[in-house]
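*Asks:* The residues making up each chain are set out below.
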Amino acid sequence: MGHRTALFSKHLEADAKIVDFGGWDMPLHYGSQIEEHHQVRSHAGMFDVSHMTVVDIQGEDAKPFMRKLLANDVGRLKKPGKALYSAMLNEEGMVLDDLIVYLVEDGYRVVVNCATRAKDLAWMEMQARNFNLKLTERTELAMIAVQGPEAIDCVKQVVSQAKAETVSQLEPFQGLSCESWFIARTGYTGEQGLEIILPVAAAERFWDCLLAVGVKPIGLGARDTLRLEAGMNLYGSDMDESVTPLESNMAFSVARKPLDRDFIGRSAMEDLGVRSRLVGVVMESRGVLRSHQKVYQGDLEAGEITSGIYSPTLGYAIALARISSDFDESAADQLSVAIRNKKLPVRMVTPPFVRDGKKVFKERTQE
Amino acid sequence: MAEFPGNFRYASTHEWALLEDEGTVKVGISDHAQEALGDVVYVEMPELGQMVEAGGEAGVVESVKAASDIFAPVTGEIVEINDQLEDAPEKVNESPFGDGWFFRIKPNDPSELNQLLDAAAYAEVCASE
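Same order as they appear, the protein sequences are chains C and L.
So the first sequence is numbered by this note's numbering: it starts at 1 and just counts up by one.
So the second sequence is numbered by this note's numbering: it starts at 1 and just counts up by one.
Using 20 Å as the maximum straight-line C-alpha spacing, the simulated EDC-like pairs for lysine to aspartate or glutamate come out as follows: (1) C:342 / L:44; (2) C:10 / C:20; (3) L:65 / C:15; (4) C:17 / L:90; (5) C:342 / C:301; (6) L:65 / C:35; (7) C:343 / L:44.
Derived DEER-like restraints, expressed as beta-carbon distance ranges: (8) C:214 / L:95: 26 to 36 Å; (9) C:326 / L:3: 50 to 60 Å; (10) L:20 / C:329: 51 to 61 Å; (11) C:331 / L:110: 49 to 59 Å; (12) C:2 / L:84: 38 to 48 Å; (13) C:91 / L:95: 53 to 63 Å; (14) L:87 / C:334: 27 to 37 Å.
Simulated from the structure, these hints should not be mistaken for laboratory data.
For each residue, glycine too, the CB sits at the ideal point set by N, CA and C.
Input sequences plus hints: build the corresponding full structure.
*Replies:* Here you go:
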């Protein structure tokens, strides 16, 4: 038996198929992962993401510490609650994890992946040794993501007036505390929505209230297809400790300026250059792209699929692929993927694939 | 819980076979198999007229989770395929023993069906997985 979140019995009530996920017993789906995907794209769905790790960083050195720890620059966060997506690098410039960091009243709140929890905590504690600050893992908190075009309205219907006002006040990528809840306009689906960190004791009741206004539970299966359509990386699949963020479609999250900010891994990352990169791939013929399938340019192996799915919104397969940087982009129309000994043609595109329920990807050859 | 209807025969590779009045054998995958696969998104069928061998590859079913080979439960000729699955692969999940059937085989030797598992034996195979 793995770890169980405060909502485990709710998942069983909803007939979830439970699977092991990084040591946690989590819902894969509640019947049909494709229906759950469409539910989020067209209405509203809720995800139990309590397995994710919440860490608070407080103390007078919190800011210099975070500016050293992360490839993105928390110095850019001015408004209370504003958030950044960032990579955390090792000394070699490789991605230890990706995370969201919020500027909160007394420091920063960070949400990291569950599979990397022990490694991340050990790394942060080691790096914090020469700083005056406190790192606190918040295991007493649950986390529920409510996502979809109707998500924010549904949440406002079931929370207190004060919380509803906080929700109304939020800008995209901002999180604020209210009555011991932390409510953020962030997500992993490419839809409007909220991620809510709340006391474990309040989680079941909130879940039931959302169910009552038509928000459906969504499992890890649809979470993966939603995030990939949104062009978002999954740590461990699309990037890990063998690549830099510049090689992983994360250059937007690396703050190069100010040039003298010496974040961990910076010089190694810059010295290394870009050996490969992550690109989007679509395949309109019948079949499904899956991780580890080889990508070819003519007869030459050009790379490998890192995440691939059947996209329920588009009705065909999409993927992220890691392509060698010596790949000749002018021949991007000669790409194929090997699926069961056949080479099927694919096209290279620029993610995201889907935003707010609509196809948005760009053909790279037309850029 | 998965269903194991008694009038079908089963392969340990999770296909079912049903001998029809016309002498043809209808083939699909079991309820247990569709549950394990999750939502089916494509079915790659054999060609009409193709000869298939018992235990030999006769197609591929792709779900959100994985691609799985479909093996012919008996030897013979493919005489019909279920075209409906091209636009509605979800029928495999909704009705694995009904509208979600895959193809019909004209068997060389209908007694080959006796070598397949009955419902009780197949249910045991599934329980031991």
